[in-house]
Amino acid sequence: MTPIGISRIGVGINVRHYKRGGGNRPEWIADPNRYMPAATRTHWPAGFTMTYASGLNYQCSKLFFGSPDYPTNDFLIPFVGFGLTEGGSAPQETINPNADMLIDEAFFVHPSGTEYPILFGGSAAATATAATGIVYGQVTLPTDLPAWSIFGIRTVYHGTVGNTYIGAYRCQRHRGEKLWAAGDIASVRALAASNGPSTPAMDPDNWYNLVGTATNSQQLAYGPALVLAKGWDGRPVPLVLADSLVERQEIAASADDRGNMGIWRRWLDQRDSIWGSYIPLVMGVPGSKSVQELAASATKRWDLIDTIKTTYNAGKDIWTFVLDQSGRNDNSATASTWSSAKFGLVDRVKSRYGAGIHVVGITLMPTFTSTDAGRTVAGFAVSALWNPVTGTLKTVNDSIKSSPRYNAVIDMVPAFMSDSDPTKGPAAEMFQLGNVIGHPGNQDGVTTWDTIKLHTSVPIGSRIMFEYQPGQWTSRLLMSRTDNGDGTADYKVTGDGIFATIVQDDATLLAHGMNLDVSSFVHPTLHGILRTVSRIPQAEKAKFHPLV
10 MTPIGISRIG VGINVRHYKR GGGNRPEWIA DPNRYMPAAT RTHWPAGFTM TYASGLNYQC
70 SKLFFGSPDY PTNDFLIPFV GFGLTEGGSA PQETINPNAD MLIDEAFFVH PSGTEYPILF
130 GGSAAATATA ATGIVYGQVT LPTDLPAWSI FGIRTVYHGT VGNTYIGAYR CQRHRGEKLW
190 AAGDIASVRA LAASNGPSTP AMDPDNWYNL VGTATNSQQL AYGPALVLAK GWDGRPVPLV
250 LADSLVERQE IAASADDRGN MGIWRRWLDQ RDSIWGSYIP LVMGVPGSKS VQELAASATK
310 RWDLIDTIKT TYNAGKDIWT FVLDQSGRND NSATASTWSS AKFGLVDRVK SRYGAGIHVV
370 GITLMPTFTS TDAGRTVAGF AVSALWNPVT GTLKTVNDSI KSSPRYNAVI DMVPAFMSDS
430 DPTKGPAAEM FQLGNVIGHP GNQDGVTTWD TIKLHTSVPI GSRIMFEYQP GQWTSRLLMS
490 RTDNGDGTAD YKVTGDGIFA TIVQDDATLL AHGMNLDVSS FVHPTLHGIL RTVSRIPQAE
550 KAKFHPLV
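Counting from 1, position 365 in the sequence shown corresponds to residue 374 in the working numbering; the numbering is continuous, with no gaps.
Incorrect hints may have been included.
Said to hold, decoys possible - Derived DSS-like pairs (lysine-lysine); straight-line CA-CA distance at most 30 Å:
1. 309 x 325
2. 239 x 318
3. 359 x 318
It should be emphasised that the hints constitute simulated quantities derived from the structure, not laboratory data.
Let's have the full structure, built from the sequences with the hints guiding it.
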């Protein structure tokens, strides 16, 4: 590539621009024989183990992913036998099944509906050893999968009744994802062939779209840890150092058409006319701390991607640059301690892959409390620790912007904050949705109700707030809907929102911008996410192109 000039991007970094590939973008240099991430939505097994129940110990997951914006046909699909913690000790790889993960068969589901067997060293079945194992499936399609396709992976697996297993995915029902279970392989194959609803015991309505434990959370489906493919056209591929702010603001019901959830997966996957869309290699899980990544008990994922590099990619990584979103969970009242935890991870990554790798930082967003359940911006309160204008967080973000560890920095905080107060985030008053239509339930104050009529413009997965009586507000989470054909739909609310609330006619309707996590507002909800994504310019992707 031919340098054509010098400009400044990020924080005091000289960046050489290359011969242009269109618009204001450096040219992409294709390497079609290099396996690169080729699926949105992939997730590491994490959270909790589950127990194979009698009559449910043969299972089949059917999951859908979005392909890159270039054609592919040769796929490499790793499955693993280990899981990660979420929360305090994340991302340690210590949530493991007590027996091997036994894969009976797996299939690549083409958009046409045709299924192609995924083979493991030529065999249909494979065993991912508990706590340590990794198996690599491969499939080559007879013709290229078109760019920007939706494809599926169907996985059949089993275990002994009473043994535990680990999953990765909460099925996104509105996207056709399924989780079936039976007592033998013939029965589970029949369920998959009929493509009916998920087995009720694996997908109960009162758990759908909920995060909790094995007994009160939407059940986890086993599936591929990653999906890679040949055909790469040279666009940047981010390795993301991540926590829940990449994705866990959402769970299942609000995923977009390509399965994306959260600010960064949605933003990266946008099809910008100049900068393109990027499928990330997300290394973290909810709860991940920078200080615990690539440290004790957190290296198996890294060994996996490095094995692909050496065994399948002729020494070439499956990523091109590092995007460091991590650090929020490392918060400390001492700014230098907080910054050091975040920077320490960058240093470990550079030690592993070389000091010259291209690294892009991201500033950290604040946490709030509220006096009115997140309804108004004025009702939010921000502590000295989290204040992005005068507090510890400002000091930390300033250190991110100025650190020589980063080749560039995306300052995402202004895109997230409210317009009326730069210290506070998006409140429900910013997302006015009109009114509830009529009122739900039979209004006796005793009989619970789980369906509410709204205009169809309200997306499922929204957390809504409505004025159920004058001056009194309550919230619900919308998990599914049935259209009425007249511009309205009957929305079903999820298990944590089934009450006997008496609602006045045509109650004022808002959408939450933030979700109450125990006692504070940590994660943005769907409307806050979409607002933030729309306010981060796609031109920030210019920072992803490495130095010469």
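For each hint, the structure was consulted:
1. 309 x 325: holds (19 Å)
2. 239 x 318: Holds, because 13 Å separates the two Cα atoms, which is no more than 30 Å.
3. 359 x 318: holds (16 Å)
No hint from the list above goes unmet by this structure.
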